[in-house]
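S.K.: Sequence:
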Amino acid sequence: MAKSILLDMLPFQHSGGFGGALSFTKAVYDCLFKHKTDETVVYGLYDSNRGLAQQYNLFEYANSHDIELFDVSKKPLREFLSEESIDCFYIAFGQFYEGIDLTGIKTKVIMFIHDIFDIERCDNKIDYSITDPCNLTLWQRFKRIVNLASGRYAKQAQNRYRDIMKLYASDNTISYTVSNYSANALKYYFPEIKKEIKVCYSPLKKAEITGNIENEVLNELVNSGKKYFFMIAANRIYKNPGVVMKAFKRISEEYDVKLVTLKYGKSINNSHIDINYLSDADMDYAYKHALALLFPSFFEGFGYPPIEAIVNGTPAIASNVTSIPEVLGNAGIYFSPFYPADLYRAMKLVLDNPSIKNYELQERAKEITTRQEQDLHNLIKEILK
1 MAKSILLDML PFQHSGGFGG ALSFTKAVYD CLFKHKTDET VVYGLYDSNR
51 GLAQQYNLFE YANSHDIELF DVSKKPLREF LSEESIDCFY IAFGQFYEGI
101 DLTGIKTKVI MFIHDIFDIE RCDNKIDYSI TDPCNLTLWQ RFKRIVNLAS
151 GRYAKQAQNR YRDIMKLYAS DNTISYTVSN YSANALKYYF PEIKKEIKVC
201 YSPLKKAEIT GNIENEVLNE LVNSGKKYFF MIAANRIYKN PGVVMKAFKR
251 ISEEYDVKLV TLKYGKSINN SHIDINYLSD ADMDYAYKHA LALLFPSFFE
301 GFGYPPIEAI VNGTPAIASN VTSIPEVLGN AGIYFSPFYP ADLYRAMKLV
351 LDNPSIKNYE LQERAKEITT RQEQDLHNLI KEILK
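Per the UniProt record's numbering, the sequence shown starts with residue 1, numbered consecutively.
Derived from the structure by calculation, the hints contain no laboratory data. Relax, there's no trap hidden among the hints.
DEER-style ranges, computed between Cβ atoms: (1) Asp101 / Glu68: 19 to 25 Å; (2) Arg250 / Leu52: 39 to 45 Å; (3) Asn269 / Ser355: 24 to 30 Å; (4) Arg345 / Asp256: 17 to 23 Å; (5) Lys198 / Asp30: 16 to 22 Å; (6) Ser73 / Asn212: 38 to 44 Å; (7) Asp30 / Tyr189: 31 to 37 Å; (8) Asn212 / Gly265: 24 to 30 Å; (9) Asn269 / Leu52: 34 to 40 Å; (10) Ser82 / Phe33: 22 to 28 Å; (11) Tyr189 / Lys288: 36 to 42 Å.
27 Å max Cα-Cα, derived DSS-like pairs, lysine-lysine: (12) Lys34 / Lys381; (13) Lys348 / Lys227; (14) Lys26 / Lys3; (15) Lys74 / Lys166; (16) Lys36 / Lys381; (17) Lys106 / Lys75; (18) Lys195 / Lys106; (19) Lys75 / Lys166; (20) Lys348 / Lys263; (21) Lys226 / Lys266; (22) Lys36 / Lys205; (23) Lys195 / Lys385; (24) Lys187 / Lys125; (25) Lys226 / Lys348; (26) Lys198 / Lys3; (27) Lys198 / Lys106; (28) Lys34 / Lys366; (29) Lys226 / Lys246; (30) Lys385 / Lys108; (31) Lys288 / Lys366; (32) Lys106 / Lys187; (33) Lys263 / Lys205; (34) Lys187 / Lys108; (35) Lys26 / Lys205; (36) Lys249 / Lys226; (37) Lys187 / Lys198; (38) Lys195 / Lys155; (39) Lys385 / Lys198; (40) Lys108 / Lys75.
Glycine is no exception: its CB is placed at the ideal position from the N, C-alpha and C atoms.
Using the sequences and the hints given, assemble the complete structure.
M.R.: Spelled out as structure tokens, the structure:
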């Protein structure tokens, strides 16, 4: 029997253009199109008032998969669902629906909320602990602190989730998140959610390895055989690049080792190499040849990078907070993201014993990728049911 599905394409319009939301969404859709039959009609929801992401082109992806696009800015969502007799509405990232009318939706909804960091940051006041504001000016930094202290950020977050959580908690919605940590955080901050929140570990990205490293700087470094630590998303303040810069300054005084960061925007010394962009394939090369990944994040709903590191056979030196220990398990080399000296200790462990955790990371890589594949398979079955 013919079936109609509406897919959420808003992650393809996320202003950042990169990151877990879009990687997650594309991995799910790539798998979905491998398993759907010709009888399944697929629509895609987008908003013509929003921009386009950099990583994958929305219109090219829709065209190549015969997705008929629906512009949510032109017609109420509930009308489209009713007119096209949509059997399943899949929402990949609930927070992107802020400002969209979600009332009156009666069809089956599968909805993900990956994390609620904007709620938690207002509770734990993490902004007070950020020592490296990255590209923020002093005035921007001051405004962030004032907005946090005054409760403005908390009010904005509450308003953001008011309508989103009504749909997430409704009887016709199958509610999902990406870790047990996030499931419990949702229950803690939104006690109105009485039903089960299903956990689907984020599927692993599969890059197409070309056999050549495209980025000249990375290619030269890898061919030189020099040791380096690797940190991605170093331009995002909640990824906590400040603690890495402090620890690495000390490490580089004692060891002949490099630091490679992605998008930090500057170099702190001659041993620090900052790269603005790496393709998916080059990212895998960067992981594979690194001494270790540095992942000092203050918060994660799931946390792709440590898994990508261990799948490539590279140790992950990671924060001991939120979902990270759950996902990385005993393969992680953990430290407190608040203490540079603790990161310094962890980096020295790897420098003095590069094969540390070899067995654990191989075993955890097998376990986590099996779980990711099973969860993805079950999610696709639910969408197509």
